[in-house]
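Participant: Below are the chains, spelled out letter by letter.
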Amino acid sequence: MKRLVEGVPRRGLAILGALLALLLVFPTFASGYLLSIGFLILYFAYVGQAWNIMMGFAGQLSLGHSLYVGLGAYAAAALYFHFGLSPWLGLGASIGISAAAGAVIGFLAFRFGVAGVYFAILTIAFAEFARIGFDHFAWVHGSSGLFLPVANYAENDLWNLRGSPTMFYYLMLGLTVGAFVLCHVLLRSRMGYYWLAIRESPEAAQALGVNVFRYKMVAVMISAAMTSLAGVVFAFYYNNLFPEQIFHISRSIELILGPIIGGVGTLVGPLVGALLLTGLSAGLHEVMLQLGIDVPGIRQVFYGICLLLVVMFLPDGVWPPLAKKLRLRR
Amino acid sequence: MSLLELRGVSKSFRGLKAVSGASFEVAPGGIHALIGPNGAGKTTIFNLVAGVYAPDAGEILFDGRSIHGLRPDQVCAAGIGRTFQIVKPFAGLSALDNVVVGALHGFKDVSAAKKHAAEIMEKLGLGAKRDMLASSLTLPDRKRLEVARALATRPQLLLLDEVMAGLRPTECDQMVAVFRELNRAEGLTILLIEHVMRAVMALAQRIVVLHHGEVIARGTPDEVVRDPAVLESYLGEETEV
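Heads up: the sequence lines are chains A and B, in that order. Under the working numbering, the letters of the first sequence match residues 1 to 330, in that order. Under the working numbering, the letters of the second sequence match residues 1 to 241, in that order.
In case anyone wonders, no lab produced these hints; they're calculated from the structure. One thing to keep in mind: the hints can contain errors.
[Unchecked claim] Which residues of chain A face chain B? A few of them, derived with a C-beta cut under 8 Å, are:
#1 Arg-111
#2 Ala-115
#3 Glu-155
#4 Arg-190
#5 Tyr-193
#6 Tyr-194
#7 Ala-197
#8 Ala-204
#9 Gln-206
#10 Leu-208
#11 Asn-211
[As the list claims (entries may be wrong)] Which chain A residues face chain B? A few, computed with CB under 10 Å, are given here:
#12 Pro-165
#13 Gly-192
#14 Ala-205
[What the hints assert, rightly or not] Listed next, the in silico BS3-like pairs over lysine-lysine satisfying Cα-Cα at most 30 Å (straight line):
#15 B:Lys-114 to B:Lys-88
#16 B:Lys-129 to B:Lys-88
#17 A:Lys-324 to B:Lys-129
#18 B:Lys-114 to A:Lys-324
#19 B:Lys-115 to B:Lys-88
#20 B:Lys-115 to B:Lys-129
#21 B:Lys-17 to B:Lys-114
#22 B:Lys-114 to A:Lys-325
#23 B:Lys-88 to A:Lys-324
#24 B:Lys-114 to B:Lys-129
#25 B:Lys-108 to B:Lys-88
#26 B:Lys-88 to B:Lys-123
#27 B:Lys-108 to B:Lys-129
#28 B:Lys-123 to B:Lys-108
#29 A:Lys-325 to B:Lys-129
#30 A:Lys-324 to B:Lys-115
Cβ coordinates follow ideal geometry from the N, Cα and C atoms, glycine included.
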């Protein structure tokens, strides 16, 4: 525990502690709608963190992370649907399948020198394969969608993930905190240094004895496995899965907006990005509703404007300059 | 036995012979220089030794073992450290973290690696710049950083590719002193590519002269500067000596 916080500015710890306390008590005063926004913020903070391991740390751009969300969601949901297997057991399959898929993509790309934009295209291609493939995958009901049985539970059944939005909120909070701590530890580890080295210059990293292929593979597999857990929660929270939705490229794009706006490669960036994007877009929606204006697609326009502003004025994302302002960083 | 031995090593790029039938040896504990005009194939030889390319023909032995077909990271693990002529710093990391990446090769523990990295930076006169971003260092400092990173992997053989270029004479002499000290105290074997003759003459015990990919002369500095073939191809154009 002591090593964990070593070198972290005290002000930073205080802010994190306050944020965590706020998030912990949030469900006690939040309405159902606010709670669902809170869940979404945590969801995007979590998957953003997972994506950031691959792109922000190891420098490998994935535009197909919906693949891992979808595989994770389908694996656990199908096992529950067909065999009544608890998602806590099913998530083993989710992690295994997603990590394997990540390993296949990584192997193909890194063994044969597919890099940069071409790597990104490869990740899109695999997500699209899955989308089209799952449309015809009868065991999970293809394009007509997989529906988990919904019943009114008198109390939260944590073992089968059947219960109230509050339960899912805390579950997502646990995952987000876990991912945050994991990334913090990873960044300070030998592997973390190697990832950053690979991101900055693969040739120089290799000359310093770094097995670039191996460390890139590990980054992809950890990122995929983490992302798949978000898929599991997603499946049991929404209770319905459609290949057309969950594997769609727009989902992949949506989940990388948070870290890009917050700050790629930073620990806090995905959190800040998710908070800003999801929070503000929900606020915008609310304001529009109050004013009685209905503009379809306003959220996408809003995302676009946010992205444009950040790319133009804060190319490193919101967090790095903010951290400087808060004197948390040199 | 020699620490590094090249036997008839050749490498072509699309028909252009960059290195052809090059043979030379580097004795353990020695400081050797590889010189020659631009385009003579010096950096290609470094890249062949470092595992960036595999030779088309010939053999490269390190410590009596063939290192043919090894990847750069495996060559590093075998005990060869290298710097890049066109520096490749980890631009977004601090100078210290750049060196830590090298140090982590030998030290699995991050705090031990940091300590080792800081010592090496001190040795190379980079101590005051450890917290600066590598991208904000001056070119001479980036060259020093290249050396520090390579040294941090604790190599037996260090390949230096024009690390003196752009240094002022006094800075050059400091660097020479550092390499001499490393060579003397730790028995580090050094093979350097260098155009700055001031450094070559001060450091090298033996010199290999390359021209059009072929070794045209080798010997002690005194022998080499008197070699008519060398004078004609290379030193004849230089007035620094």
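Participant: None of the hints should be skipped; say for each whether it holds.
Facilitator: Structure-based check of each hint:
1. Arg-111: This hint is violated: Arg-111 (chain A) lies away from chain B, its Cβ roughly 12 Å from the closest one there, beyond 8 Å.
2. Ala-115: It is violated, given that the least Cβ distance between Ala-115 (chain A) and chain B is near 16 Å, above 8 Å.
3. Glu-155: 46 Å, violated
4. Arg-190: 5 Å, holds
5. Tyr-193: 5 Å, holds
6. Tyr-194: 7 Å, holds
7. Ala-197: Holds: closest Cβ of chain B sits about 4 Å from Ala-197 (chain A), inside 8 Å.
8. Ala-204: It holds, given that the least Cβ distance between Ala-204 (chain A) and chain B is near 4 Å, below 8 Å.
9. Gln-206: This hint holds: Gln-206 (chain A) lies near chain B, its Cβ roughly 4 Å from the closest one there, short of 8 Å.
10. Leu-208: Cβ of Leu-208 (chain A) sits 5 Å from chain B, so the hint holds.
11. Asn-211: 5 Å, holds
12. Pro-165: 40 Å, violated
13. Gly-192: This hint holds: Gly-192 (chain A) lies near chain B, its Cβ roughly 9 Å from the closest one there, short of 10 Å.
14. Ala-205: 7 Å, holds
15. B:Lys-114 to B:Lys-88: 20 Å, holds
16. B:Lys-129 to B:Lys-88: 17 Å, holds
17. A:Lys-324 to B:Lys-129: 20 Å, holds
18. B:Lys-114 to A:Lys-324: 25 Å, holds
19. B:Lys-115 to B:Lys-88: Status holds; Cα separation ~23 Å.
20. B:Lys-115 to B:Lys-129: Judged against 30 Å, a Cα distance of about 15 Å means the pair holds.
21. B:Lys-17 to B:Lys-114: 43 Å, violated
22. B:Lys-114 to A:Lys-325: With a Cα-Cα distance of about 28 Å, the restraint between Lys-114 (chain B) and Lys-325 (chain A) holds, given a limit of 30 Å.
23. B:Lys-88 to A:Lys-324: Roughly 27 Å between the alpha carbons, so the hint for Lys-88 (chain B) and Lys-324 (chain A) holds.
24. B:Lys-114 to B:Lys-129: 14 Å, holds
25. B:Lys-108 to B:Lys-88: 23 Å, holds
26. B:Lys-88 to B:Lys-123: Given pair Lys-88 (chain B), Lys-123 (chain B) holds - Cα atoms ~21 Å apart, limit 30 Å.
27. B:Lys-108 to B:Lys-129: 24 Å, holds
28. B:Lys-123 to B:Lys-108: Holds - the C-alpha atoms of Lys-108 (chain B) and Lys-123 (chain B) are around 22 Å apart, at most 30 Å.
29. A:Lys-325 to B:Lys-129: OK: Lys-325 (chain A) and Lys-129 (chain B) at ~24 Å, within 30 Å.
30. A:Lys-324 to B:Lys-115: Satisfied, since the Cα-Cα distance of roughly 27 Å is no more than 30 Å.
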